[in-house]
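Respectively, the protein sequence lines represent chains A and B. For the first sequence, the working numbering assigns the number 1 to the initial residue and increments by one for each residue that follows. For the second sequence, the working numbering assigns the number 684 to the initial residue and increments by one for each residue that follows.
There may be inaccurate statements among the hints.
[Said to hold, decoys possible] Partial chain B-side listing against chain A, Cβ under 10 angstroms, derived: (1) L740; (2) M755; (3) Y758; (4) A871.
[Unchecked claim] Interface residues of chain B toward chain A, partial, derived using beta-carbon atoms under 10 angstroms: (5) Y749; (6) A761; (7) Y764; (8) T783; (9) P784; (10) L786.
Honestly, the hints are just simulated from the structure, not real lab data. Glycine included, every Cβ here is placed at the ideal spot set by N, Cα and C.
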Amino acid sequence: MPKITINGKEIEFDKGMTVLQACELANVEIPRFCYHEKLSIAGNCRMCLVEMEKSPKPIASCAMPAAEGMNIKTNTYLVEKARKGVMEFLLANHPLDCPVCDQGGECDLQDQSLYYGVDKSRFVENKRDVKEKYMGPLIKTQMTRCIHCTRCVRFATEVAGVPEIGAIGRGENMQITTYLEKSMESELSANVIDLCPVGALTSKPYAFEARPWELKKTESVDVMDAVGSNIRVDTYNWEVKRILPRLNNDINEEWISDKTRYSCDGLLKQRLDVPYIKKENKLQKSNWDEALDLLIKKIKEVQPNEIAGHIGDMINMENALGFKKLFNLIKSNNLEFREKKFYINSSEKINYIFGSSINGIEQSDLILLIGTNPRHEASMLNARIRKAFVQKKVPIFSIGDPGDLTYDYKIISDKTDEIKKIINNESELSNKILSAKNPIIIIGESVLELESGKYIFEEIKNFLIQNNKISQEWNPLNILIQNASTVGLLDLKIIPDQKENNFTFFDNLENKKFKLLYLLGSDNLDFKKDNEFVVYQGSHGDRGAEVADIVLPSATYTEQEGLYENLEGRVQECKKASYPIGEALEDWKIFNRIIKKMGLNGTTNFDQLRKEVLNSIPNFSDLNELPKNVESKNSKIQSNFVSEKITIRELDYYYTNSISRSSKTMSECRQIRQKIKKDGTNN
Amino acid sequence: MSLKKVHEDQPKDFKFNSENLKKVEEIFKRYPEKNKKSAVMPLLYLAQKQNDNWIPLAAMKYIANYLSIPYMSVYEVATFYTMYNLAPVGKHFIQVCTTTPCLIRGADKIVKLCKEKISPNENEISKQGSCSWMEVECLGACVSAPMVQVNDDYYEDLDEKSTKDILESLIKDKPLKPGSYRGRKNTAPEQKLNTKGENHA
Chain A
1 MPKITINGKE
11 IEFDKGMTVL
21 QACELANVEI
31 PRFCYHEKLS
41 IAGNCRMCLV
51 EMEKSPKPIA
61 SCAMPAAEGM
71 NIKTNTYLVE
81 KARKGVMEFL
91 LANHPLDCPV
101 CDQGGECDLQ
111 DQSLYYGVDK
121 SRFVENKRDV
131 KEKYMGPLIK
141 TQMTRCIHCT
151 RCVRFATEVA
161 GVPEIGAIGR
171 GENMQITTYL
181 EKSMESELSA
191 NVIDLCPVGA
201 LTSKPYAFEA
211 RPWELKKTES
221 VDVMDAVGSN
231 IRVDTYNWEV
241 KRILPRLNND
251 INEEWISDKT
261 RYSCDGLLKQ
271 RLDVPYIKKE
281 NKLQKSNWDE
291 ALDLLIKKIK
301 EVQPNEIAGH
311 IGDMINMENA
321 LGFKKLFNLI
331 KSNNLEFREK
341 KFYINSSEKI
351 NYIFGSSING
361 IEQSDLILLI
371 GTNPRHEASM
381 LNARIRKAFV
391 QKKVPIFSIG
401 DPGDLTYDYK
411 IISDKTDEIK
421 KIINNESELS
431 NKILSAKNPI
441 IIIGESVLEL
451 ESGKYIFEEI
461 KNFLIQNNKI
471 SQEWNPLNIL
481 IQNASTVGLL
491 DLKIIPDQKE
501 NNFTFFDNLE
511 NKKFKLLYLL
521 GSDNLDFKKD
531 NEFVVYQGSH
541 GDRGAEVADI
551 VLPSATYTEQ
561 EGLYENLEGR
571 VQECKKASYP
581 IGEALEDWKI
591 FNRIIKKMGL
601 NGTTNFDQLR
611 KEVLNSIPNF
621 SDLNELPKNV
631 ESKNSKIQSN
641 FVSEKITIRE
651 LDYYYTNSIS
661 RSSKTMSECR
671 QIRQKIKKDG
681 TNN
Chain B
684 MSLKKVHEDQ
694 PKDFKFNSEN
704 LKKVEEIFKR
714 YPEKNKKSAV
724 MPLLYLAQKQ
734 NDNWIPLAAM
744 KYIANYLSIP
754 YMSVYEVATF
764 YTMYNLAPVG
774 KHFIQVCTTT
784 PCLIRGADKI
794 VKLCKEKISP
804 NENEISKQGS
814 CSWMEVECLG
824 ACVSAPMVQV
834 NDDYYEDLDE
844 KSTKDILESL
854 IKDKPLKPGS
864 YRGRKNTAPE
874 QKLNTKGENH
884 A
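All chains should be modelled from the sequences, with the hints used to inform the complete structure.
Structural data, given as structure tokens:
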């Protein structure tokens, strides 16, 4: 390995590193504004100047490749003077409005000027003033504060794939703006707020809400989609003020989607705080005793097999297990968690996880999307596909038309016949898949909903196994699950094992066989209510509560501990950041109350539930780790092929769950998106 | 020089005419296929020529689609360079050089005349005739300072009187001849002598 000397200390570095990265290896801190690990190098802020031996001038360390034998000094008078000079220039036009700036307390410029700045300004001219720019409902701008680092521009073009932000004008008049001040049409747009080193781009919904040092920070995971992005929940008293991304290179890198970030205002609205009972066709406030008494009366009135339970999209594994235990006690096994009738074979783990792993996308050399729109179904995963596309020019194919995915791809066909051709080695694509070293096939829920969903999944799996494509090193079979709870619930065997008919619950529901329907945080189940007695246990007054006869208030994902399994099968812990509102309780506590009131034995506590959950996860390796790679059993399953058109189910991106539907910010985003759709393109 | 603003009243459509489309083909030949987007600057210039010396947004969109690059990229280029006009200019577009050599030879007087004769502010179309003026940086004709550029022509070696005549002729839409107004041929010395002391050809 080549060696470089930094401040008299010799260290080894990897080839291709920059001087700045080498300095980081040597634990030498270099101030910077424009440089960002995950973005391309711009080298325009000049804050990272260091002294290099034999160079008459200081060099920008972020843009200078490190080379063998370089002698770098970062603590000399020259470097100090250079940094002071750069800082003085940056501050020349920067307003002194830190007391009213939302970035205050977490501002790079503020922090660095403390160390490298001078105490007074020599700039006597008028300061530059720039008008505020409109960038959509999420980003508040104060462009006078901008120091032109162009991080936001690079993020929009490189990561988000929507080249809508740019720098117009030149010199002193350079301004950062979106094209004609339209709102940014991306699911990742709000990440530019985190990237902005100053207070030029700040969060609009969070404007003047709190100072960073007043907030309690809890490291948690997101449940808006199945990606399981790592987040930090910032709370002030019980209120969740904001949600920020947490670095995890295996999942979300440094970004999160707008839905993850801004659904949090939905946690304060439309909340269920006390139990409700429907009287005279109206939900009326009640109390726990009355509500549970009524529930138990109803449970006792009907046969156990007439009771059914549906588990929602954001329920953690402990609560689901508690629910299953409750149902065991009342001797019913009519449990379901899918919202639509999509085929899933829960016999082994490989059948329902994203086998290649999110990190693996970067190593792939061919990506085939079958009936999925990853941009809306899993925005962070889509960003990874884009990364692979940009860095390695990976060829991407799609069966079905998902619309704009922020990268180029080729639509092969929108018929299931094409899949049959691939499986029978009749398509061009079969050869490409077979000759590729690390192919990735992503199967979406939309295609599993088809009549030939079973055929498509089982035969593709068969095709891959027979051609020795699934190995210990590489698993090309990926299912793109949409809901945060799904993988975990499959692991807990919530759906009773049934080889023949995968959709017993739905059939019974349609045939009105259920008399009591217990919805556990389930708002997206599509059914017509007749005479069923509906119990809704959840956090928000949404679609589920609307049809309910009893409403039991429970906690949201930020208000209780719990395990979630993301689409890769990675078990992650969601932490309690706040506490349930009003009389609301954690779900498992409610089940305990029911069990106690019914006079049954079998109450549990949280630790017990967690232990049991961890023991029942197949192929479990460790928390936050990928599941163990277990060889797949090749069992032939009979299935029928039907020639159909593949339509990808349109996802109302900003309105997918009860929290985002309650959020004001999300509905603003949705309105703008719909307007753009109606008026044609954004431009 | 402040930030150039796009004009409020924008035409809906823009398309290169057949003559310019041929020129576009020529321009594309200068760049390798994979660097087709480099043609953005000549194309913008061509669009400006076709559209009465200014570039509407429709033309930027048209060029962006033509080169398959984002609208924003074309917009950035068009706002960066000062010689792309983003709002309508007069039929006679007068650019007054006010960089040092011209200024010490009296460019400020030319600016004053422009304010009197054409319009009190830069980039305003005159009430009489169709003229507009703006101050620009060095036009590279320092040897015959002070000077102005009217559309594609240079008027050099000006003084107050000659400038007045030129401006009046432009307002009447009967422009005087471009070139030196002290009778110089090109940039030759004034005493009809070349550097070797001989009579100029």
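inquiry  = Checking hints one by one. Is Y758(B) an interface residue toward chain A, by the C-beta closer than 10 angstroms rule?
reply    = 6 angstroms, holds
task = Classify the hint on L786(B) as holds or violated, based on whether any CB of chain A lies nearer than 10 angstroms to its CB.
result = With a minimum Cβ separation of about 20 angstroms from chain A (threshold 10 angstroms), the hint on L786(B) is violated.
query = Should the hint that A871(B) touches chain A count as held when the rule is a Cβ pair under 10 angstroms?
reply = The hint is violated - A871(B) has no Cβ within 10 angstroms of chain A, the shortest such distance being about 37 angstroms.
task = Let me know if the C-beta of A761(B) comes in closer than 10 angstroms to any C-beta of chain A, holds or violated.
result = This interface hint holds because 9 angstroms falls under the 10 angstroms limit.
request  = Go through the hint on Y764(B) and say holds or violated, using the shortest Cβ distance to chain A against 10 angstroms.
outcome  = 8 angstroms, holds
Satisfaction of the P784(B) interface hint, Cβ to chain A closer than 10 angstroms = 22 angstroms, violated
key: Agreement of hint L740(B) with chain A interface, Cβ distance less than 10 angstroms   = 8 angstroms, holds
key: Restraint satisfaction for T783(B) [CB to CB of chain A, less than 10 angstroms]   = 18 angstroms, violated
inquiry  = Let's test the interface hint: is any C-beta of chain A closer than 10 angstroms to that of Y749(B)?
reply    = Given a least distance of 15 angstroms, the restraint on Y749(B) is violated.
key: Minimum beta-carbon distance criterion (10 angstroms), M755(B) to chain A   = 4 angstroms, holds
Of the numbered hints given earlier, the model fails hints 4, 5, 8, 9, 10; all others are met.
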